[in-house]
Amino acid sequence: MLNYSINSKESDQLGIIIGGRLDFSNTAKIWQEAFDALKNNPKEVIINAEKLEYCDGAGIALLLEIKKRQTEAARGFQLIGLNEEIRALMKVVTDGDASVCAIRLHPTLRFNLGALTVRAICNVRDNLSFVGILSSEIWHVIRSPKGLRWLDFWRAVEDIGPGALPIIILIGFLVGLISSFQSAIPLGQFGTQIYVINLVSLGLVKEMGPLMTAVLLISRTASSFAAELGAMKINREIDALTTMGLEPVCFLVVPRVLAAVFMTPLLNLFLIFFGLVGCALVMMHLGYNLEIFRHQLMMSVSLSSFLAGLIKTFVFGIVVAAIGCMHGLRAAQGPSGVGRATTKAVVSGIIMLVIVDGVFAVLYYVLGI
Amino acid sequence: MQPIIKVTDLTVRYEDRTVLDNINFSVAAGERFMILGRSGAGKTTLLTHMLGLGGTASGEILVDGDSIIHGDPLAKRKILRKIGVMYQSGALFGSMTLLENVSLPLEEFSGLPTDAIEAVAHNKLQMVGLGEFYNHLPSEISGGMQKRAAIARAMALDPKIIFMDEPSAGLDPTTSVRLDDLVLHLSETLGITFIVVSHELPSIYKVAERIIMLDDGKIVADGDPLTLRASCDNMAARKFFNREA
Chain G
1 MLNYSINSKE SDQLGIIIGG RLDFSNTAKI WQEAFDALKN NPKEVIINAE
51 KLEYCDGAGI ALLLEIKKRQ TEAARGFQLI GLNEEIRALM KVVTDGDASV
101 CAIRLHPTLR FNLGALTVRA ICNVRDNLSF VGILSSEIWH VIRSPKGLRW
151 LDFWRAVEDI GPGALPIIIL IGFLVGLISS FQSAIPLGQF GTQIYVINLV
201 SLGLVKEMGP LMTAVLLISR TASSFAAELG AMKINREIDA LTTMGLEPVC
251 FLVVPRVLAA VFMTPLLNLF LIFFGLVGCA LVMMHLGYNL EIFRHQLMMS
301 VSLSSFLAGL IKTFVFGIVV AAIGCMHGLR AAQGPSGVGR ATTKAVVSGI
351 IMLVIVDGVF AVLYYVLGI
Chain X
1 MQPIIKVTDL TVRYEDRTVL DNINFSVAAG ERFMILGRSG AGKTTLLTHM
51 LGLGGTASGE ILVDGDSIIH GDPLAKRKIL RKIGVMYQSG ALFGSMTLLE
101 NVSLPLEEFS GLPTDAIEAV AHNKLQMVGL GEFYNHLPSE ISGGMQKRAA
151 IARAMALDPK IIFMDEPSAG LDPTTSVRLD DLVLHLSETL GITFIVVSHE
201 LPSIYKVAER IIMLDDGKIV ADGDPLTLRA SCDNMAARKF FNREA
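Those protein sequence lines, which keep their order, are chains G and X. Following the numbering used here, the numbering of the first sequence begins with 1 at its first residue and continues without gaps. Following the numbering used here, the numbering of the second sequence begins with 1 at its first residue and continues without gaps.
Think of the hints as simulated: they come from the structure by calculation, not from any bench. Ideal Cβ positions, reconstructed from N, Cα and C, are used throughout, including at glycine. Treat the hints loosely; a few may be bogus.
Stated by the list, open to error - Derived list of chain X stretches under chain G, where covered just means 3 residues or more per stretch with a C-beta under 8 Å from a C-beta of chain G:
#1 86-92
#2 104-118
#3 198-209
Can you build the whole structure from these sequences, using the hints too?
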């Protein structure tokens with residue numbers, strides 16, 4: 001049972017008498033009243049704790065917080081009559097390095113801005129460093145293919161390619177089917193329903209196919225790479241590689257990036273093919289036979305359009321794998337670090353894909369493709 | 001005797017906190033050297049910098065005469081090939097068998113043919129009593145066996161120095177004693193320098209020839225463990241040794 005009284009009649013002095021048990025169940029009551037009274041800025045606070053029998057973490061927090069506020073405002077504070085047991089508990093708390101905590105709990109705007117700037121600069125520097133190391137290691141492997149860890153490469157190929165095929169087929173088919181149905185209605189109003197084939201096939205080959213493939217790989221493969229490498233980092237396997245004198249980028253990232261470069265165009269072809277199957281089914285349902293479909297397809301998709309889409313997939317493959325691996329290698333310690341690395345890989349991967357796709361769009365426009 | 005590791009004026013700061021403050025010591029070749037201290041004393045930071053994995057630091061760490069904190073990455077990699085590391089968790093590669101784990105550094109740096117690499121790796125596993133388990137994945141063996149396999153991997157290239165980060169952590173006393181026996185055996189037969197971070201008093205008395213104790217980033221005791229237990233006047237060191245009583 002808690003007994004307390006707060007006497008703030010004298011403007012210069014606030015007297016608080018606490019007796020009984022001060023614990024988590026009742027500290028809230030006295031907390032509010034005590035801090036309301038502190039708003040009058042008393043020159044001195046005197047807490048009489050002679051009859052305080054028991055005090056837990058919440059009670060200690062109350063006493064220390066009042067003391068802290070008075071000290072920060074350069075005003076007086078006295079705590080009298082506290083028994084030895086509670087005094088010892090209080091000492092355990094105050095023996096910790098409170099000043100460090102205070103700095104971290106109440107950073108100033110200037111501190112936050114500075115920290116943010118330093119972090120941003122470090123991120124740019126680390127990203128450039130990663131790209132540099134990766135390019136150098138890939139160049140080294142191109143010059144001397146023996147340097148590639150072929151077993152890891154084929155494992156990654158299996159993981160990226162056949163593993164992703166079912167979802168690529170399903171999404172490709174559905175994208176072709178849905179976009180054909182959706183475009184058939186407005187084009188039908190102008191009697192140009194046959195151009196659904198041109199629209200969907202060109203869209204799939206040049207834009208939708210590469211982009212959808214890359215987005216699927218970001219959500220499936222980049223996240224998997226980030227989680228796998230993040231777990232290795234936490235388990236200190238990355239440190240083990242480094243202390244063996246091995247470069248983790250060469251050992252872990254290069255096989256995955258090359259496997260992604262190898263498999264992304266192939267998966268893109270599957271997605272386009274099954275998208276066209278979906279489109280063909282819709283067109284057959286609308287009364288156009290396969291010969292018409294083939295004719296319109298050949299008319300609308302030129303070799304340059306096909307190659308323009310295919311070239312993008314090579315670059316998308318590099319982006320997907322490199323971003324997944326980079327965030328995995330940078331995972332913070334602890335299980336939540338892996339989760340955060342995976343989320344970052346997916347989010348920054350999608351943003352990067354859109355940027356790269358935009359660059360390609362401008363480039364192809366300039367080249368007239 | 002020529003020191004194989006020499007740490008001079010090493011100071012490490014994170015933001016406004018000094019984690020290691022003007023650390024100076026050297027380790028003789030073949031010595032079994034232990035780094036002690038309570039959690040947060042700076043042991044892991046010191047180990048990390050001795051392995052060249054730490055961030056910015058002032059001072060110098062020479063490993064076999066070469067700087068591991070100020071050299072370029074290629075020079076660091078050369079130094080790292082002279083050392084083996086056993087991490088607290090073992091840090092074995094989960095997708096590889098024990099033989100593949102031990103073979104990895106040999107494949108990368110030895111230039112031996114595949115069958116010779118396998119033979120050497122198998123020998124290393126036999127040295128730590130895991131010859132029969134060469135084809136097992138790390139997840140298929142116990143924690144103590146994983147640590148022994150990690151020692152085998154650390155020894156793969158016959159390093160001059162082996163670093164061990166809390167080797168007894170998470171092990172039962174019997175397995176821990178077996179691990180200590182293994183360290184003693186390897187030290188005496190192969191002359192490897194062992195640098196071990198540990199909390200375990202029985203291990204310290206059994207294995208260490210010399211210890212340093214860190215407290216708040218400073219060396220507060222340096223010497224052989226039995227002498228320090230009997231006569232060290234530092235409070236942190238006395239508290240550490242007297243917890244046995």
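Status of the hints after comparison with the structure:
Only residues whose beta carbon comes within less than 8 Å of a beta carbon in chain G count, and the segment 86-92 of chain X has 5; three or more means the coverage holds. Remark: the segment 104-118 of chain X is confirmed as covered by chain G, as 4 of its residues place a Cβ nearer than 8 Å to a Cβ of that chain, reaching the required three. Restraint check on the segment 198-209 of chain X versus chain G: 0 residues with Cβ-Cβ distances below 8 Å, three needed, restraint violated.
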